[in-house]
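**Q** Protein chains in written order, with this note's numbering: chain A, 1 to 131; chain B, 1 to 170.
Read the hints as simulated data drawn from the structure, not as lab findings.
Wrong hints could be hidden among the right ones.
Stated by the list, open to error - Cβ-to-Cβ under 8 Å is the rule here; a few derived chain A residues that face chain B:
no.	residue
1	P3
2	G25
3	S30
Ideal placement from N, C-alpha and C gives every residue a C-beta, glycine not left out.
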Amino acid sequence: MLPAEVRPVMENGIPVILATCSRDGVPNVSIVSRVYYIDADQVAVSFQFFNKTIRNVRENPYATIILNDLVKAIRWQLEVEYDHSETDGPVFDEMNLHIEALATATGMSGIFRLRSADIYRVKSVVPIPVS
Amino acid sequence: MSRKTDGTVIPGVLRTFLQDRGTVGIACRRSAALKPHVHYLSAWHVADEGRELVCLVQRGFTTGLLENLRDNGRFSATIEQIGPHETYQFKGTCIGSRPAGPGDLECWERARERFAVAVKAVDPRLGLTHEQKRDYIAPPEVAIRMRVDEIFLQTPGPGAGRRLFPAEGE
Numbered sequence: 001m002l003p004a005e006v007r008p009v010m011e012n013g014i015p016v017i018l019a020t021c022s023r024d025g026v027p028n029v030s031i032v033s034r035v036y037y038i039d040a041d042q043v044a045v046s047f048q049f050f051n052k053t054i055r056n057v058r059e060n061p062y063a064t065i066i067l068n069d070l071v072k073a074i075r076w077q078l079e080v081e082y083d084h085s086e087t088d089g090p091v092f093d094e095m096n097l098h099i100e101a102l103a104t105a106t107g108m109s110g111i112f113r114l115r116s117a118d119i120y121r122v123k124s125v126v127p128i129p130v131s
Numbered sequence: 001m002s003r004k005t006d007g008t009v010i011p012g013v014l015r016t017f018l019q020d021r022g023t024v025g026i027a028c029r030r031s032a033a034l035k036p037h038v039h040y041l042s043a044w045h046v047a048d049e050g051r052e053l054v055c056l057v058q059r060g061f062t063t064g065l066l067e068n069l070r071d072n073g074r075f076s077a078t079i080e081q082i083g084p085h086e087t088y089q090f091k092g093t094c095i096g097s098r099p100a101g102p103g104d105l106e107c108w109e110r111a112r113e114r115f116a117v118a119v120k121a122v123d124p125r126l127g128l129t130h131e132q133k134r135d136y137i138a139p140p141e142v143a144i145r146m147r148v149d150e151i152f153l154q155t156p157g158p159g160a161g162r163r164l165f166p167a168e169g170e
């Protein structure tokens, strides 16, 4: 599902857009630091502070992710569905390491605590050229 | 399209943020099936003495927008200042829309200049020209007039998600 060219965009350090919707129909749009590649059909998002996003996807699994490629002037739109959360294992550990490194570099070690790695199934991927 | 709703007045401190410091804007609507859809903004401005947030939706990001807003009106917009990550989310109701006009283009020019300057400051290694950075913010196609019902802090950190207006508990 995810083309190979999307993976480097996930790792380019540019913040990612994550949109969700509550069960009573209120849309929510957040900016997150990164989306993690798991395989061609799954991505992971860290659960730290974004309580509304976390609450929304647990009551309504639909979400949309936008990745930004400034160099190629393309935005990638991923339609995804929340599947489950992991609180240990290799995905959680990699995410935890990355977040801890980021927190240490910004003097906020211990504040940016990873609660879970939220796993989403990718349903569609669309490149949107900036025109 | 026209809807009536109460709403809150955007406070002066946030009007200043929106006008002078916000560098990237994203909006969201949802379908009847509760699927969220993202609409990148070219720019934004406050109107009707703080009662309206006008969101200028980028060309290429308008598919399905007006149909869903006619159906349910729900609209949210998040504005961030790149660098310090100061971020606010405005949730409310679409009270009208129109094609983007010449006045909106001036607003877009200012917003994309702020974007290019901010991106250069946080990542001078990107290797893009100033013009390429400006061009990443496409021109506006549609203006969505939004009555703001709630404003949330979204600056990353423990306070993210806290409702600012109306204050929590009200």
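**Q** None of the hints should be skipped; say for each whether it holds.
**A** Hints, verified against the model:
Evaluation of the A/P3 hint against chain B yields a violated restraint, the C-beta minimum of about 19 Å exceeding 8 Å. Residue-level restraint check for A/G25 holds (minimum Cβ-Cβ distance to chain B is 6 Å; threshold 8 Å). Restraint check, A/S30 versus chain B: the minimum CB separation of about 6 Å is within 8 Å; hint holds.
In this structure, the one hint that does not hold is number 1.
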